[in-house]
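Q: Below, each chain spelled out in residue letters.
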Amino acid sequence: MRRFFTLLARELSAFYFSPIAYVVLFFFLILNGLSFWFALALLSRGPSELTLIQAFFNTLFFWIAYLLVFPVITMRLFAEEFKLGTIETLMTAPVRDWEVVASKYLAALIFYLSMWLPSILYFLIFSWLGNRSVVGTGAQIWGPYLLLLAMGTFNVSLGCLASSLTSNQIIAAMMGLVFVLGTFFLTMINYIIDSSSSPLVHDLTAYVAQLDHMESFSRGIIDTRPLVFYPTFALLVLVMTYHVFQYRRWKL
Amino acid sequence: MIKVEQLTKKYAGVTGIDQISFEVGKGEIVGFLGPNGAGKTTTMRILASYMPASSGRATVAGFDVFSESLKARRHIGYLPESVPLYHDMRVNEYLRYRGALKALSGKRLKNRIGVIKELCGLREVGRKKIAGLSKGFRQRVGLAEAMIHEPDLLILDEPTIGLDPNQIRQVRELIKSLGERHTILLSTHILSEVEATCSRVIIINRGRIEASDTPENLVNQLRTSGLLRLEVKSGSEDPVPHLEEIAGVREVRAVSNGEWRCFEIRIEANSDPREQIFQLAVGRKWVIRELSKERATLEDAFV
Chain A
1 MRRFFTLLAR
11 ELSAFYFSPI
21 AYVVLFFFLI
31 LNGLSFWFAL
41 ALLSRGPSEL
51 TLIQAFFNTL
61 FFWIAYLLVF
71 PVITMRLFAE
81 EFKLGTIETL
91 MTAPVRDWEV
101 VASKYLAALI
111 FYLSMWLPSI
121 LYFLIFSWLG
131 NRSVVGTGAQ
141 IWGPYLLLLA
151 MGTFNVSLGC
161 LASSLTSNQI
171 IAAMMGLVFV
181 LGTFFLTMIN
191 YIIDSSSSPL
201 VHDLTAYVAQ
211 LDHMESFSRG
221 IIDTRPLVFY
231 PTFALLVLVM
241 TYHVFQYRRW
251 KL
Chain B
253 MIKVEQLTKK
263 YAGVTGIDQI
273 SFEVGKGEIV
283 GFLGPNGAGK
293 TTTMRILASY
303 MPASSGRATV
313 AGFDVFSESL
323 KARRHIGYLP
333 ESVPLYHDMR
343 VNEYLRYRGA
353 LKALSGKRLK
363 NRIGVIKELC
373 GLREVGRKKI
383 AGLSKGFRQR
393 VGLAEAMIHE
403 PDLLILDEPT
413 IGLDPNQIRQ
423 VRELIKSLGE
433 RHTILLSTHI
443 LSEVEATCSR
453 VIIINRGRIE
463 ASDTPENLVN
473 QLRTSGLLRL
483 EVKSGSEDPV
493 PHLEEIAGVR
503 EVRAVSNGEW
513 RCFEIRIEAN
523 SDPREQIFQL
533 AVGRKWVIRE
543 LSKERATLED
553 AFV
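Protein chains in written order, with the numbering used here: chain A, 1 to 252; chain B, 253 to 555.
Bound-form chain A, shown alone:
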């Protein structure tokens, strides 16, 4: 286990001790800021039932920023090691394959979570400056963040899978984007296909509908089904990543 933590520490330092991370964070915060401004603009148009949290987490801005982050932070993970050749020294050290995969995944997940932490500030500042009830109450505040964590576990794993499939970071980013958008698209199917024409499709996609999940969580409804679904599928995708990694590393 100590080896795992050594790898994890190294991966985290690769994230946080590089200027690239802060550039990415900077632009992400700009997107977040714009999202927040957009939410406020929405609410200031007139009286509305929406809380600030709901307005923030259900806009197009939010979803675009949210989805684009994953390929960006995960494209480097495996592809770079293969490209640079450092995979050779990594895999000739006495480390297990799963330790490598797990440490990279966890480091990316931790980085992703830290990207969202500053947004809590927006709501804190707003509730301190103005009307606390507009922001939301209780589960309406931490619900979305819990869902972000759960969805993050899933999407980061998709990004890891994409990165492990190629040595080229750009291809990894594109594939990651396709994976993430593809699973997100399942949500959209709900809106495109009429519920009466194929109820089976409608019901199935209702389970994986990311849009709907966020909507109910931001209303304060903590549904444990998505909280189980996302990490479980993340595990599945991680196992796939592990096998791809093993194949690439041993087949050569």
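There could be a bad hint or two in this list.
[Said to hold, decoys possible] Computed cross-link-like contacts, SDA-like style, restricted to lysine to any residue with a CA-CA straight-line distance of at most 20 Å:
1. Lys323(B) / Trp250(A)
2. Lys251(A) / Thr293(B)
3. Lys381(B) / Ala14(A)
4. Lys251(A) / Ser508(B)
5. Lys262(B) / Met1(A)
6. Lys381(B) / Phe15(A)
7. Lys381(B) / Leu236(A)
8. Lys381(B) / Phe26(A)
9. Lys428(B) / Gly388(B)
10. Lys251(A) / Glu402(B)
11. Lys381(B) / Gly85(A)
12. Lys323(B) / Asp97(A)
13. Lys381(B) / Ala21(A)
14. Lys381(B) / Pro19(A)
15. Lys362(B) / Arg3(A)
16. Lys387(B) / Leu426(B)
17. Lys83(A) / Ser334(B)
18. Lys380(B) / Pro19(A)
19. Lys381(B) / Thr59(A)
20. Lys83(A) / Glu402(B)
21. Lys83(A) / Lys380(B)
22. Lys381(B) / Leu84(A)
23. Lys251(A) / Ser319(B)
24. Lys323(B) / Val95(A)
25. Lys251(A) / Lys485(B)
26. Lys323(B) / Trp98(A)
27. Lys387(B) / Thr86(A)
28. Lys83(A) / Lys485(B)
29. Lys323(B) / Ala21(A)
30. Lys362(B) / Glu333(B)
31. Lys251(A) / His339(B)
32. Lys380(B) / Met1(A)
33. Lys83(A) / His339(B)
34. Lys83(A) / Thr293(B)
35. Lys485(B) / Ser508(B)
36. Lys387(B) / Gly85(A)
37. Lys323(B) / Leu42(A)
Since the hints were made in silico from the structure, they are not lab data.
Here the structure of chain A is known, so what remains is to put chain B in place on it, guided by the hints.
A: Chain B in isolation, oriented as in the chain A frame:
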């Protein structure tokens, strides 16, 4: 320490190495010699547990490199040819990280880092980023991390490639001193390197082992002829016909003309007609500026 039996590796139809077998005993410094593409790197990667073989068996310290890969890797320190390093890390940081990966920790890790930094001359560059190091230093960092856990076996793929002559000498001295405590398998296509550092040479070509012996034995076995260099001022006389008459002289080749003529004289093995050449020159009142015998080197054996 190393036992290789009928090892074969095929890449997409092309055979990289073809049923090679050899052994390396504890404490030996063995050189893998061969032209580019011969199979040296392939064999080393298989031994370092980076690649699987297509067939055959290889064991390091008694552990099969494929089925007991983790155990085998604990006894190996590997330096790949490209010396891949993490450029954003500092030297100290990198050595600490690699040491920790190889199950070193705490005081022992600190000690080992100090020792190998001293050994590899990295004391001043500890805080520098690897991206800012020259090639020679990067090579030293790679070598340092390969031996940080005091492995029984060091596998070094072209350890002196791309270094300047000074650095080459330093690395060779280092390898020789390491050979006292570790078993070393190194690969190179620089012949003087194996002559300088190795106790045994394995010549590999096109995936097959051609020879395996000490450098001196190989040179002796394959010595078929020698070479003399002659630089002589013979006035208007052409020395070639006279030289060719001397017993033991096989062929005379003029290298340069002018007032001083240079010749390369191929002579029979185990013959030394230098005295006759000298007498010839004295008799004809020529002046000799150089008359030397080139030692048959491993290069001749290689070629």
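Q: Now tell me if each hint is right for this structure.
A: For each hint, the structure was consulted:
In summary, the hint linking Lys323(B) to Trp250(A) is supported, as the alpha carbons are separated by about 17 Å, within the 20 Å threshold. A C-alpha spacing of about 16 Å is found between Lys251(A) and Thr293(B), which places the hinted pair at or below 20 Å, so the restraint holds. Of the pairs offered as hints, the one joining Lys381(B) and Ala14(A) holds, with about 13 Å between alpha carbons and a cut-off of 20 Å not exceeded. This hinted pair does not check out: Lys251(A) and Ser508(B) have alpha carbons roughly 55 Å apart, beyond 20 Å.
Restraint check for Lys262(B) and Met1(A): not satisfied, since their Cα atoms lie roughly 36 Å apart, outside the 20 Å limit. Restraint check for Lys381(B) and Phe15(A): the C-alpha separation of about 16 Å stays at or below 20 Å, so the hint holds. For the hint pairing Lys381(B) with Leu236(A), the CA-to-CA distance comes to about 38 Å; that exceeds 20 Å, so the pair is violated. The straight-line distance between the Cα atoms of Lys381(B) and Phe26(A) is roughly 25 Å, outside the 20 Å bound, and the hint therefore fails.
With a C-alpha separation of about 18 Å, the suggested pair Lys428(B) and Gly388(B) falls inside the 20 Å cut-off, and the hint holds. Taken as a hint, the Lys251(A) and Glu402(B) pair is broken in the structure, with Cα atoms around 29 Å apart against an allowance of 20 Å. Of the supplied pair hints, the one linking Lys381(B) and Gly85(A) holds, its CA atoms being roughly 18 Å apart against a limit of 20 Å. Between Lys323(B) and Asp97(A) the alpha-carbon distance is near 14 Å, which keeps this suggested pair within the 20 Å criterion.
With a C-alpha separation of about 18 Å, the suggested pairing of Lys381(B) with Ala21(A) holds against the 20 Å cut-off. Restraint check for Lys381(B) and Pro19(A): the C-alpha separation of about 14 Å stays at or below 20 Å, so the hint holds. Distance check on the hinted pair: Lys362(B) and Arg3(A) sit about 17 Å apart at the alpha-carbon level, within 20 Å; holds. Restraint check for Lys387(B) and Leu426(B): satisfied, since their Cα atoms lie roughly 17 Å apart, inside the 20 Å limit.
Restraint check: the Cα-Cα separation between Lys83(A) and Ser334(B) comes to about 12 Å, which is no more than 20 Å; the hinted pair holds. A distance of roughly 17 Å separates the Cα atoms of Lys380(B) and Pro19(A); the hinted pair therefore holds under the 20 Å criterion. Straight-line distance between C-alpha atoms of Lys381(B) and Thr59(A) comes to about 43 Å, which puts the hinted pair past the 20 Å bound. The straight-line distance between the Cα atoms of Lys83(A) and Glu402(B) is roughly 29 Å, outside the 20 Å bound, and the hint therefore fails.
Between the alpha carbons of Lys83(A) and Lys380(B) the distance comes to roughly 24 Å, so the proposed pair goes past 20 Å and is violated. As the CA atoms of Lys381(B) and Leu84(A) are separated by approximately 17 Å, the hinted pair is consistent with the 20 Å bound. Distance check on the hinted pair: Lys251(A) and Ser319(B) sit about 15 Å apart at the alpha-carbon level, within 20 Å; holds. The straight-line distance between the Cα atoms of Lys323(B) and Val95(A) is roughly 10 Å, inside the 20 Å bound, and the hint therefore holds.
A distance of roughly 65 Å separates the Cα atoms of Lys251(A) and Lys485(B); the hinted pair therefore is violated under the 20 Å criterion. The hinted pair formed by Lys323(B) and Trp98(A) meets the criterion: a straight-line CA distance of about 16 Å does not exceed 20 Å. Our distance criterion of 20 Å between C-alpha atoms is met by Lys387(B) and Thr86(A), whose separation comes to about 16 Å. Among the hinted pairs, Lys83(A) with Lys485(B) is inconsistent with the structure: their alpha-carbon atoms are about 60 Å apart, more than 20 Å.
Note on Lys323(B) and Ala21(A): the hinted pairing is violated, with a Cα-Cα distance of about 36 Å set against a maximum of 20 Å. For the hint linking Lys362(B) to Glu333(B), the alpha-carbon distance of about 27 Å lies beyond 20 Å, and the restraint is violated. For the hint linking Lys251(A) to His339(B), the alpha-carbon distance of about 27 Å lies beyond 20 Å, and the restraint is violated. Taken as a hint, the Lys380(B) and Met1(A) pair is broken in the structure, with Cα atoms around 30 Å apart against an allowance of 20 Å.
Taken as a hint, the Lys83(A) and His339(B) pair is honoured in the structure, with Cα atoms around 13 Å apart against an allowance of 20 Å. About 18 Å separates the Cα atoms of Lys83(A) and Thr293(B), which keeps this hinted pair within 20 Å; it holds. At roughly 12 Å between alpha-carbon atoms, Lys485(B) and Ser508(B) fall within 20 Å of each other, so this suggested pair holds. Proximity of Lys387(B) to Gly85(A) is assessed by CA-CA distance (about 16 Å); at most 20 Å being required, the pair is judged to hold.
Restraint check: the Cα-Cα separation between Lys323(B) and Leu42(A) comes to about 62 Å, which exceeds 20 Å; the hinted pair is violated.
The structure is inconsistent with the numbered hints 4, 5, 7, 8, 10, 19, 20, 21, 25, 28, 29, 30, 31, 32, 37, although it conforms to all the rest.
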